[in-house]
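> Just so you know, the sequences run in chain order R and A.
When you read off a place in the first sequence, starting at 1, and then add 73, the result is the number in our numbering.
When you read off a place in the second sequence, starting at 1, and then add 16, the result is the number in our numbering.
Among the hints, a few may not be true.
Here are the computed lysine-lysine pairs in the DSS-like style, where the Cα-Cα straight-line distance is at most 27 Å [as the list claims (entries may be wrong)]:
1) R:Lys81 - A:Lys364
2) R:Lys156 - R:Lys81
3) R:Lys156 - A:Lys370
4) R:Lys145 - A:Lys364
Computed footprint of chain R on chain A; a stretch qualifies when at least three of its residues, placed anywhere within it, have a C-beta under 8 Å from a C-beta of chain R [to be verified]:
5) 52-58
6) 299-312
From the structure, some residues in chain R lie toward chain A, with a derived Cβ separation under 8 Å [unchecked claim]:
7) Gly106
8) Asp107
9) Thr109
10) Phe110
11) Glu130
12) Lys133
13) Ala135
14) Pro157
Rather than coming from a laboratory, the hints here were simulated on the basis of the structure.
Source: prediction; values computed, not measured.
Where is the CB? At the ideal position from N, CA and C, for every residue including glycine.
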Amino acid sequence: MEMKYYSKEHEWVEVKDGEAYVGISVHAAEELGDITFVELPHEGDSCHAGDSLGVVESVKAASDVYAPVSGKIVAVNSQLEDKPEMVNASPEEQAWFCRIAMSDASELDALMDEAAYTAYLNN
Amino acid sequence: MENSELKETPLREQHLAAGAKLVPFAGWNMPVQYAEGIIAEHLRTRTAVSLFDICHMGEFEVDGPKAAAELDRILARPVLDQPPGSCRYNFLLNDAGGVQDDLIVYRLDAEGFFIVVNAATAAHDAAEFRRGLSGDTEFNDVSAATGKLDLQGPQAAEILVELGVDRQSLPCYYHWTNVEIAGIPCLLSRTGYTGELGFELYVAVEDTASLWELLTARGVKPAGLGARDTLRLEMGYPLYGHELDLYHTPVEAGFGAMLRLAAMPSRRFVGSAALRHNAPRQYLRGIRLEGRRAARAGMMVQDIAGNVIGRVTSGAFAPTLGVAVAMAWIDAAAISEVGTVVNIEAGKTLLPGKIAALPFYDRGTARMKTV
Numbered sequence: 074m075e076m077k078y079y080s081k082e083h084e085w086v087e088v089k090d091g092e093a094y095v096g097i098s099v100h101a102a103e104e105l106g107d108i109t110f111v112e113l114p115h116e117g118d119s120c121h122a123g124d125s126l127g128v129v130e131s132v133k134a135a136s137d138v139y140a141p142v143s144g145k146i147v148a149v150n151s152q153l154e155d156k157p158e159m160v161n162a163s164p165e166e167q168a169w170f171c172r173i174a175m176s177d178a179s180e181l182d183a184l185m186d187e188a189a190y191t192a193y194l195n196n
Numbered sequence: 017m018e019n020s021e022l023k024e025t026p027l028r029e030q031h032l033a034a035g036a037k038l039v040p041f042a043g044w045n046m047p048v049q050y051a052e053g054i055i056a057e058h059l060r061t062r063t064a065v066s067l068f069d070i071c072h073m074g075e076f077e078v079d080g081p082k083a084a085a086e087l088d089r090i091l092a093r094p095v096l097d098q099p100p101g102s103c104r105y106n107f108l109l110n111d112a113g114g115v116q117d118d119l120i121v122y123r124l125d126a127e128g129f130f131i132v133v134n135a136a137t138a139a140h141d142a143a144e145f146r147r148g149l150s151g152d153t154e155f156n157d158v159s160a161a162t163g164k165l166d167l168q169g170p171q172a173a174e175i176l177v178e179l180g181v182d183r184q185s186l187p188c189y190y191h192w193t194n195v196e197i198a199g200i201p202c203l204l205s206r207t208g209y210t211g212e213l214g215f216e217l218y219v220a221v222e223d224t225a226s227l228w229e230l231l232t233a234r235g236v237k238p239a240g241l242g243a244r245d246t247l248r249l250e251m252g253y254p255l256y257g258h259e260l261d262l263y264h265t266p267v268e269a270g271f272g273a274m275l276r277l278a279a280m281p282s283r284r285f286v287g288s289a290a291l292r293h294n295a296p297r298q299y300l301r302g303i304r305l306e307g308r309r310a311a312r313a314g315m316m317v318q319d320i321a322g323n324v325i326g327r328v329t330s331g332a333f334a335p336t337l338g339v340a341v342a343m344a345w346i347d348a349a350a351i352s353e354v355g356t357v358v359n360i361e362a363g364k365t366l367l368p369g370k371i372a373a374l375p376f377y378d379r380g381t382a383r384m385k386t387v
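Looking at chain R on its own, in the form it has when it is part of the complex (with noise of 0.2 Å):
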């Protein structure tokens, strides 16, 4: 079964074949509104949890996303370059920001899981 967890950043990881899908939250995109741009981190690079992976910008605010976990970018969905407005509509399916091959695992034990996760939005 596929887990999914959140940081309190509001990005959000889905762990499939070992390897981590990395987004924002539908929470983070409500609260962005339409979004307008999307810079994506580069293929192959590495990052280390915490680090900036890229920018997502609305019409009124700029925010970075943060690498949740550490590894390896081995992929980023470029569709978001052209069509930014994915991350309002299916922000937690379609608009996945990039997949990382996790150099620590463990790390995934520092986030929430949904129901924390929600927890930590109501609070």
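Guided by the hints, dock chain A onto chain R, whose structure is given.
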């Protein structure tokens, strides 16, 4: 709680029912967007019509036999020659020629004026007018008693006609008239901040919700301050506190011609000496970026050699244009002709763009003939 100090317009319930996000703006709790979102509201205003709650803005009444002459001395653009029935964009300056506010003067008749000012500056403006006007001229701050709705978009005139306004009585661009809509007395002006055909409606504050309901019952949907900002930015219209401030003059902002400094060399008004004697230090320019990423207020502008030549005052993704646009103060000594390549410093990256002619969006319907 900080929010408890925010002023509420008469339309709070209507906003919440329409899914508004309310945010603090100039001391007011204002709808920044509704459920549809800023881009949908923006595009609907360009192609159809939208309704904006603008009750936060300030309104003054000035009346008396010397009102025209006294306002002509207080405001930067001539008032004495303004015809009754017209509206005129104008500026309240300080002695250094800096802008204390930009505003619209409505000439009601020979002696009467209605002045519309920004919310954040209204109290200060009122004090400046009271100081500048003589005891013979009556001044009333009617902001709290006045509701203001903006109906903007190419279908705006049709909506008013459907509500019983005589088509022949619709005012021309930058003119006003008195009408009644379902028994509600309205001052109706053919003005706005979107670049589209549109009207601003001033009513008694207690009639504001009724007028809003009448318009929305006709199918007009609301748009918030977010869309208002992207619409005005596509037109290159200045926003006080961003493009206009105490440290820049209307001449630097590109409004020199309307002040008629050369045509009326003996006319004196607050700030006139400074405007006549001081050379512009910066010019307000539009920048069209190559990409979708927005430049934001405060970012620095570089020329192609990497020299800092200016600073961004406003920037956003322009929904009608599909790229980001910005306004910026550019040093007078720098080359800033239309087409000049510039870069905007956005953190570690540079956003490339070009100085662009204003308005960025040139298909607006604001000036179209309605009858």
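> Confirm or reject each hint.
Status of each hint after checking the structure:
{"no.": "1", "hint": "R:Lys81 - A:Lys364", "in the structure": "25 Å, holds"}
{"no.": "2", "hint": "R:Lys156 - R:Lys81", "in the structure": "26 Å, holds"}
{"no.": "3", "hint": "R:Lys156 - A:Lys370", "in the structure": "24 Å, holds"}
{"no.": "4", "hint": "R:Lys145 - A:Lys364", "in the structure": "22 Å, holds"}
{"no.": "5", "hint": "52-58", "in the structure": "holds (count 4)"}
{"no.": "6", "hint": "299-312", "in the structure": "holds (count 5)"}
{"no.": "7", "hint": "Gly106", "in the structure": "6 Å, holds"}
{"no.": "8", "hint": "Asp107", "in the structure": "4 Å, holds"}
{"no.": "9", "hint": "Thr109", "in the structure": "4 Å, holds"}
{"no.": "10", "hint": "Phe110", "in the structure": "4 Å, holds"}
{"no.": "11", "hint": "Glu130", "in the structure": "6 Å, holds"}
{"no.": "12", "hint": "Lys133", "in the structure": "6 Å, holds"}
{"no.": "13", "hint": "Ala135", "in the structure": "7 Å, holds"}
{"no.": "14", "hint": "Pro157", "in the structure": "7 Å, holds"}
When held up to the earlier numbered hints, the structure conflicts with none and fits them all.
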